[in-house]
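A.B. asks: Here is what each chain is made of, one letter per residue.
Number of protein chains: 2
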Amino acid sequence: MELLEQRIREQGQVRPGNILKVDCFLNHQLDVELLDEIGKEFYRLYKDEGITKILTIEASGIAIACMTARYFRVPVVFAKKAKSKNLDGEVFTSVVHSYTYGRDYDITLARKFLGPGDKVLIVDDFLAVGKAMNGLLDICKQAGAQVGGIGIAIEKGFQPGGAALRAAGYRLTSLAIVDRMNDDGTLEFRPQ
Amino acid sequence: MELLEQRIREQGQVRPGNILKVDCFLNHQLDVELLDEIGKEFYRLYKDEGITKILTIEASGIAIACMTARYFRVPVVFAKKAKSKNLDGEVFTSVVHSYTYGRDYDITLARKFLGPGDKVLIVDDFLAVGKAMNGLLDICKQAGAQVGGIGIAIEKGFQPGGAALRAAGYRLTSLAIVDRMNDDGTLEFRPQ
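Taken in order, these protein sequences are the chains called W and U. Residue numbers for the first sequence follow the numbering used here, beginning at 108 and rising by one. Residue numbers for the second sequence follow the numbering used here, beginning at 108 and rising by one.
Don't take each hint at face value.
[What the hints assert, rightly or not] Once the Cα atoms are required to be at most 30 angstroms apart in a straight line, the calculated DSSO-like pairs of lysine-lysine come out as: (1) U/Lys-226 - U/Lys-238; (2) U/Lys-238 - W/Lys-226; (3) U/Lys-238 - W/Lys-147; (4) W/Lys-147 - U/Lys-248; (5) U/Lys-238 - U/Lys-128; (6) U/Lys-154 - W/Lys-147; (7) W/Lys-154 - W/Lys-226; (8) W/Lys-128 - U/Lys-128; (9) U/Lys-154 - W/Lys-154; (10) W/Lys-219 - U/Lys-248; (11) U/Lys-147 - U/Lys-128.
[Unchecked claim] Stretches of chain W that chain U covers, calculated by requiring three or more beta carbons in the stretch to come under 8 angstroms of a beta carbon on chain U: (12) 143-157; (13) 163-174.
Note that these hints are calculated values from the structure, not bench results. Source: prediction; values computed, not measured. Glycine included, C-beta positions come from ideal geometry on N, C-alpha and C.
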């Protein structure tokens, strides 16, 4: 998606440790018009899949999920990263390792929001190693829900998450795939 | 807002400890069409305030903030509840006590996203004691940003947050104010 690649080139910042900061528009400050274009593109790609729910994980995934769900006219459900007193005991749980925060955490989703009648589009802002995504897929499996597709804004193509998901047969679309981040701060995108 | 009150009556669940569960449409599963109506209403109310940014706090506030920002055509910025390695050291910080999680936590916002030139509309899904809101107001004060208004989906009118903010002179709008939650599970809304 040209619009997203261009924005990453203009405002993304490469930091040591293969960190790509896109907090100006994707995960701290949010450019809602850009997110709307991302949602529209996911709809164009997956509109014939019979999607019943958009699934994501808090926090920044929620923004993309909402803008996507507007086009599909289906609800969003988002997995939570901490168990709140307000949640029922009736939850699906999966363990995820975060490289950003350097620890394991549980993700939870109330059972009543996902079941065998659902076909979900999973969306998120980033895909790198794929730990959070594997947690969401595990929850879909526990729920008996079908996965109609996976939509990612930015994939780090030099990390193994995307390749593993494609090899496993998922219909994964990453709107921008960064194949290389150079020491001078420049980026190389995978042609697609 | 009649539409929201009706939905709370139909799908909200009253639980011991003054908990109102609205996870079917507001903060776990998200009814994006309802959120869009909420965003449209905030725009109607605050469109002449010269709002430059919609400010909220992760996680469920993000959904309402995005739908609101679409109408205002301004960016969302959301405060984070944990300090990530990805954040610059250059952040505003405030301490918030969560009654839901029973602990204190820091909220942070990168300094570059809020400054004296900004006039913000703060939005969130719930207002009860007002601890999270006071944290966001503290960050606005640190940034020198003006607060053009506060938009809340559901206010617990029997808790002190709303009254304190109105007494302090903020232009606060809560689209549904629950004044009483009864043992039989029924609710009483404040007429407005």
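A.B. asks: Which numbered hints does this structure break?
C.D. replies: 2, 3, 4, 8, 9, 10 and 12
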